[in-house]
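Chains as they are written, first to last, in full-length UniProt numbering: chain X, 1 to 90; chain W, 1 to 976.
Quick list of in silico lysine to aspartate or glutamate cross-link-like pairs, DMTMM-like style, CA-CA up to 25 Å:
id: 1; chain 1: W; residue 1: Lys-887; chain 2: W; residue 2: Glu-944
id: 2; chain 1: W; residue 1: Lys-473; chain 2: W; residue 2: Asp-186
id: 3; chain 1: W; residue 1: Lys-658; chain 2: W; residue 2: Glu-719
id: 4; chain 1: W; residue 1: Lys-760; chain 2: W; residue 2: Glu-699
id: 5; chain 1: W; residue 1: Lys-862; chain 2: X; residue 2: Glu-87
id: 6; chain 1: W; residue 1: Lys-672; chain 2: W; residue 2: Asp-655
id: 7; chain 1: W; residue 1: Lys-867; chain 2: W; residue 2: Asp-685
id: 8; chain 1: W; residue 1: Lys-862; chain 2: W; residue 2: Glu-699
id: 9; chain 1: W; residue 1: Lys-862; chain 2: W; residue 2: Asp-655
id: 10; chain 1: W; residue 1: Lys-867; chain 2: W; residue 2: Glu-842
id: 11; chain 1: W; residue 1: Lys-658; chain 2: X; residue 2: Glu-58
id: 12; chain 1: W; residue 1: Lys-658; chain 2: X; residue 2: Glu-26
id: 13; chain 1: W; residue 1: Lys-672; chain 2: W; residue 2: Glu-699
id: 14; chain 1: W; residue 1: Lys-867; chain 2: X; residue 2: Asp-38
id: 15; chain 1: W; residue 1: Lys-862; chain 2: X; residue 2: Glu-26
id: 16; chain 1: W; residue 1: Lys-862; chain 2: X; residue 2: Asp-39
id: 17; chain 1: W; residue 1: Lys-510; chain 2: W; residue 2: Glu-521
id: 18; chain 1: W; residue 1: Lys-390; chain 2: W; residue 2: Asp-359
id: 19; chain 1: W; residue 1: Lys-862; chain 2: W; residue 2: Asp-685
id: 20; chain 1: W; residue 1: Lys-862; chain 2: X; residue 2: Asp-38
id: 21; chain 1: W; residue 1: Lys-493; chain 2: W; residue 2: Asp-370
id: 22; chain 1: W; residue 1: Lys-658; chain 2: X; residue 2: Asp-31
id: 23; chain 1: W; residue 1: Lys-862; chain 2: X; residue 2: Asp-31
id: 24; chain 1: W; residue 1: Lys-658; chain 2: X; residue 2: Glu-87
id: 25; chain 1: W; residue 1: Lys-510; chain 2: W; residue 2: Asp-549
id: 26; chain 1: W; residue 1: Lys-781; chain 2: W; residue 2: Glu-738
id: 27; chain 1: W; residue 1: Lys-867; chain 2: X; residue 2: Glu-87
id: 28; chain 1: W; residue 1: Lys-672; chain 2: W; residue 2: Asp-661
id: 29; chain 1: W; residue 1: Lys-867; chain 2: X; residue 2: Asp-31
id: 30; chain 1: W; residue 1: Lys-658; chain 2: W; residue 2: Asp-863
id: 31; chain 1: W; residue 1: Lys-867; chain 2: X; residue 2: Asp-39
id: 32; chain 1: W; residue 1: Lys-6; chain 2: W; residue 2: Glu-210
id: 33; chain 1: W; residue 1: Lys-867; chain 2: X; residue 2: Asp-21
id: 34; chain 1: W; residue 1: Lys-867; chain 2: X; residue 2: Glu-26
id: 35; chain 1: W; residue 1: Lys-867; chain 2: W; residue 2: Asp-655
Ranges between beta-carbon positions, derived for each pair:
id: 36; chain 1: W; residue 1: His-928; chain 2: X; residue 2: His-74; range: 57 to 67 Å
id: 37; chain 1: X; residue 1: Ala-10; chain 2: W; residue 2: Asn-516; range: 47 to 57 Å
id: 38; chain 1: W; residue 1: Leu-214; chain 2: X; residue 2: His-74; range: 39 to 49 Å
id: 39; chain 1: W; residue 1: Lys-760; chain 2: X; residue 2: Asp-31; range: 44 to 54 Å
id: 40; chain 1: X; residue 1: Asp-31; chain 2: W; residue 2: Arg-910; range: 35 to 45 Å
Treat the hints as calculated values from the structure; they're not laboratory data. Backbone N, C-alpha and C define an ideal beta-carbon position, used for all residues, glycine too.
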Amino acid sequence: MRIICPHCGARDRREFTYQGDAVALERPAPDAGGAAWDDYLHNRENPAGVTRDLWYHEQGCGAWLVVTRNTVTHAVLTTDLAATVREGLA
Amino acid sequence: MRLDGKGQIDRNSPVSFSFDGRRYQGFAGDTLASALLAHDVRLVARSFKYHRPRGVLTAGSEEPNALVTVGQGAAQDPNIRATTLELFDGLEARSQNRWPSLEWDLLALNDLGAPFLGAGFYYKTFMWPRAFWEKLYEPVIRRAAGLGALSGQHNADTYERAHAHCDLLVIGAGPAGLMAAKLAADSGADVILCDEDTRTGGRLNADTQEIDGLPGALWAEEITAELAAMENVRIMTRTTVTGAYDGGTYGALERLPHAVASRKGAPKETFWRIVAGQAVLAAGALERPVAFRNNDRPGIMMASAVRAYVNRWAVSPGRAVTLFGNTDSIHRTAADLIDAGVHVAALIDARPDATCDLDLRFYPGGQVCDSAGRKGLEAISIATPSGIDKIQTDCLAMSGGWNPSVHLTCHMNGRPVWNPEIAAFVPQPGMVPGLTAAGACNGQFSTHQCLTDGLTAATTALQALGRRAAALKSPRAEDTPYAITPLWSVPGKGRAWLDFQNDVTVKDVKQAATENFRSVEHMKRYTTQGMATDQGKSSNTAALAVLADATGRSIPGTGTTTFRPPYVPTAIAAMGAHAQGTGFAPQRFTTSHRASLDAGAPMIEAGLWYRPSVFPAPGETHWRQSCDREVGMVRNAVGVCDVSTLGKIDIQGPDAAKLLDFVYTNRFSSLKPGRCRYGLMLREDGHVMDDGTTARLGEHHYVMTTTTAAAAQVMRHLEFTHQALHPEWDVSLISVTEQWAQFAVAGPKSRDLLNGLLDKPLSNDNFPFMACGPASIKGTKARLFRISFSGEQAYEIAVPARFGDSLFRQLVARAETLDGGAYGMEALNVLRIEKGFLTHAELHGRTTAFDLGMARMISDAKDCIGKTAAQRPGLTDPDREQLVGLKPVGAIKQLTAGAHLFTAGDAPTRENAQGYVTSVAFSPTLGHFMGLAFVQRGPARLGEVITLVDHLRGITTRVEICDPVFFDQDGGRARG
Numbered sequence: 001m002r003i004i005c006p007h008c009g010a011r012d013r014r015e016f017t018y019q020g021d022a023v024a025l026e027r028p029a030p031d032a033g034g035a036a037w038d039d040y041l042h043n044r045e046n047p048a049g050v051t052r053d054l055w056y057h058e059q060g061c062g063a064w065l066v067v068t069r070n071t072v073t074h075a076v077l078t079t080d081l082a083a084t085v086r087e088g089l090a
Numbered sequence: 001m002r003l004d005g006k007g008q009i010d011r012n013s014p015v016s017f018s019f020d021g022r023r024y025q026g027f028a029g030d031t032l033a034s035a036l037l038a039h040d041v042r043l044v045a046r047s048f049k050y051h052r053p054r055g056v057l058t059a060g061s062e063e064p065n066a067l068v069t070v071g072q073g074a075a076q077d078p079n080i081r082a083t084t085l086e087l088f089d090g091l092e093a094r095s096q097n098r099w100p101s102l103e104w105d106l107l108a109l110n111d112l113g114a115p116f117l118g119a120g121f122y123y124k125t126f127m128w129p130r131a132f133w134e135k136l137y138e139p140v141i142r143r144a145a146g147l148g149a150l151s152g153q154h155n156a157d158t159y160e161r162a163h164a165h166c167d168l169l170v171i172g173a174g175p176a177g178l179m180a181a182k183l184a185a186d187s188g189a190d191v192i193l194c195d196e197d198t199r200t201g202g203r204l205n206a207d208t209q210e211i212d213g214l215p216g217a218l219w220a221e222e223i224t225a226e227l228a229a230m231e232n233v234r235i236m237t238r239t240t241v242t243g244a245y246d247g248g249t250y251g252a253l254e255r256l257p258h259a260v261a262s263r264k265g266a267p268k269e270t271f272w273r274i275v276a277g278q279a280v281l282a283a284g285a286l287e288r289p290v291a292f293r294n295n296d297r298p299g300i301m302m303a304s305a306v307r308a309y310v311n312r313w314a315v316s317p318g319r320a321v322t323l324f325g326n327t328d329s330i331h332r333t334a335a336d337l338i339d340a341g342v343h344v345a346a347l348i349d350a351r352p353d354a355t356c357d358l359d360l361r362f363y364p365g366g367q368v369c370d371s372a373g374r375k376g377l378e379a380i381s382i383a384t385p386s387g388i389d390k391i392q393t394d395c396l397a398m399s400g401g402w403n404p405s406v407h408l409t410c411h412m413n414g415r416p417v418w419n420p421e422i423a424a425f426v427p428q429p430g431m432v433p434g435l436t437a438a439g440a441c442n443g444q445f446s447t448h449q450c451l452t453d454g455l456t457a458a459t460t461a462l463q464a465l466g467r468r469a470a471a472l473k474s475p476r477a478e479d480t481p482y483a484i485t486p487l488w489s490v491p492g493k494g495r496a497w498l499d500f501q502n503d504v505t506v507k508d509v510k511q512a513a514t515e516n517f518r519s520v521e522h523m524k525r526y527t528t529q530g531m532a533t534d535q536g537k538s539s540n541t542a543a544l545a546v547l548a549d550a551t552g553r554s555i556p557g558t559g560t561t562t563f564r565p566p567y568v569p570t571a572i573a574a575m576g577a578h579a580q581g582t583g584f585a586p587q588r589f590t591t592s593h594r595a596s597l598d599a600g601a602p603m604i605e606a607g608l609w610y611r612p613s614v615f616p617a618p619g620e621t622h623w624r625q626s627c628d629r630e631v632g633m634v635r636n637a638v639g640v641c642d643v644s645t646l647g648k649i650d651i652q653g654p655d656a657a658k659l660l661d662f663v664y665t666n667r668f669s670s671l672k673p674g675r676c677r678y679g680l681m682l683r684e685d686g687h688v689m690d691d692g693t694t695a696r697l698g699e700h701h702y703v704m705t706t707t708t709a710a711a712a713q714v715m716r717h718l719e720f721t722h723q724a725l726h727p728e729w730d731v732s733l734i735s736v737t738e739q740w741a742q743f744a745v746a747g748p749k750s751r752d753l754l755n756g757l758l759d760k761p762l763s764n765d766n767f768p769f770m771a772c773g774p775a776s777i778k779g780t781k782a783r784l785f786r787i788s789f790s791g792e793q794a795y796e797i798a799v800p801a802r803f804g805d806s807l808f809r810q811l812v813a814r815a816e817t818l819d820g821g822a823y824g825m826e827a828l829n830v831l832r833i834e835k836g837f838l839t840h841a842e843l844h845g846r847t848t849a850f851d852l853g854m855a856r857m858i859s860d861a862k863d864c865i866g867k868t869a870a871q872r873p874g875l876t877d878p879d880r881e882q883l884v885g886l887k888p889v890g891a892i893k894q895l896t897a898g899a900h901l902f903t904a905g906d907a908p909t910r911e912n913a914q915g916y917v918t919s920v921a922f923s924p925t926l927g928h929f930m931g932l933a934f935v936q937r938g939p940a941r942l943g944e945v946i947t948l949v950d951h952l953r954g955i956t957t958r959v960e961i962c963d964p965v966f967f968d969q970d971g972g973r974a975r976g
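So that you can see chain X by itself, here it is in the shape it has in the complex (with noise of 0.2 Å):
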């Protein structure tokens, strides 16, 4: 599997870390609620097709990368900076 790092081109997988769905970019504000936390701490769909996750590139330029990707297809889609993807967010 290979990721298109936005500044370093594309690189092979290992040389990143896997984190998790993206959602946890949209943390909630401290009174949010119980619900809203659960959702952004533990709830998760586990599609098979299209989903959003976090891999930072470790091995790299340390950047958060937000990737889409198919999980069945294993196709990586686009691959955006997490800092891009959070301001676009707020």
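Assemble the complex: chain X is given as a structure, and chain W must be docked to it using the hints.
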């Protein structure tokens, strides 16, 4: 027998080798198989289950029969295919799976018991008594059935692994692959051309067709020379591409020729990971046998293999050859044999409308229905419309048609499609993204079709790469149409082999169908069809055709089994090259490593780091003696310890304080420059992630320390917090763990020691507890921190790593003049347990600030990571297990980590568990064992005597719950 005049062997380079102890001579260019056939050695192996005599069937890597063991002792290598084993001087090969010898194999008795050894026999025969299976049946079956054996010794051979990148990977260097590589190379693409053979050309080396008026092999040589001269082409022979993986990644196994591999330090095999923008699969096709009674005798071979032996290796596998099949392959083979002067006894073409323009005995519409001969073929029986004919022959060349080598196209779960015109499975486009099949593996069987298909595939690949294809015309070549009438098995009694390597017959497959193992995957597992080291390369298609017939379904309706990498057997040692022994994980050494070894310190692993456990003094024979002395040294004089392995993260920028306030439970924005503070860090789910001290070096400059174990995790977490949650904050992070060598100087005499070394002297007033700041040693810049993990007055001094070795030696030498010295991990651990300080034994991922008695460290005045989740009722339940100290009060004075705790009088069962012990040590300061533990409502139970039970070590004793700080509870010593 060896033929005159022909072939690609070098008759001027004789090579001497042995097989089963007998010496023979072959030539450079021979394989073990061709050299043995040249000496009329037909019996080379015994079969897996029935110990039937077996000979060479093929001339390639798909060989199921001719497996041998090469080498002796630790270098013994079993199951090497004689058909791809290059002959070298001094080669010693042995046959396998026979006793006492290949000629006289007593286990051939199994063949007589064949009626009891059919599909699934062991499921049925050895059911009872149950206990006999493991003790008796299985060992006996394993000894009787099998292939070659491993030596059982450590493999001393060297293997290598490597990475390569290219625009286009061409897999297979036959006519299609060569054309694809040439077009791509001419178009400027970076090309890697792999072929598992020792030379390029593929079938052109084995056949006699011409290309552009040149013999095919010569044409291949010329185009290969042109490619080899180009800078953008890399030709890798002896390299089998073993698998297709995600993202254009391919695995490939390169076998180095013996002359190279036998050099000192040279690898035997290299496992490659090749990353290609596009790939062309030109893997060719494999000829498939026909199943008929006793079709497994030595001397019965594939027609294409016979042609290869005649044309490439100048060997005739027989003196009176017969041919049987359903394609023109047998006619071509007969013509080549006649050209070479070999007698052809008969040609049996199963196609009723077949014609033959050769001058020989011809049986159109005939079928070979049986063979005879004790240890090799002597005669065949032919079923004709007018009855059975018997013919004397010592070699039968058979052909049941060709199977395209679609394997790699299916490695990402794709399934091939059935093409009835060629009675074979062919790949569908797009089964592996970026991979285009070309030539025979794409169902294009004439040389002309292969050449043009190679060009087409390369054009497709170049287009995908965004390159314009150069102009290249396909050369002239034969374009004979492929005509086949499917023939999988000849009807009749007796055993007709499908899978030669696993001894699976037509009868076994039919029996599987009868017993309702109708799915092809069930049939495979019930009969073991295709499960041997050749993965059923020459037998799977025929087996599923038989299954389709037996179950009344079509072949495509029956489907194929799953194709998985690797395409050929691949040594784990090659894939894991350099990952054995110390290569298993990286080793990290501190700057004091050499000095610690010089002092005789045994090193222990802490993550990837190596740290000294103790520094034994003369006369000390047990680590406890050294450890107790070192603890006393720190409590009474001064000790020096390398703490460089703790993670150090440099944090700078106007928003550095904001980041720290957010990742730590407590405040760091209020910390004054020149001061340090202990911080606690939570995961977002409310559990403790890590702890450590962070120093504020300047208004916008902090240095955070983490525990050794969590250094990488904390760095990742800080980067996540910054990039993914607050990218708007102006702050930069970098790990400086390896840039600074840092040493703890601890004990009542620590200041005396440092004052002898520092350019500016310290006092308790100018550098109080938790101070930090710059310092210098003879002009060398250093950083000084007044922090303590021992509870004593202590400092940590950091210098650029290049001064680490020198400073450590100086510190230890000066400590020794003050009745102190170096201390190791064991003493460090005792010192911190005496003080109730935490490590990852306590911060194990399931404990909260509440559990650790640190709930008040979560600031009310600000948000932080993990704060909301930490307030969940379940994480602040007073019944939770909480941190306490333990003292022994029972007869057994030793405490053990990992033991469980029970209320006195309760049975020591899981449902009664009150908690567990995380850390223990003998305290020389207190004169008894002490432990840290988590106990339900622990802080409310101080003074209660409970039971400690270590089920693993068989220890039960009584312990008293106490405060986790055993020594100097008001902390006066650290401030002094």
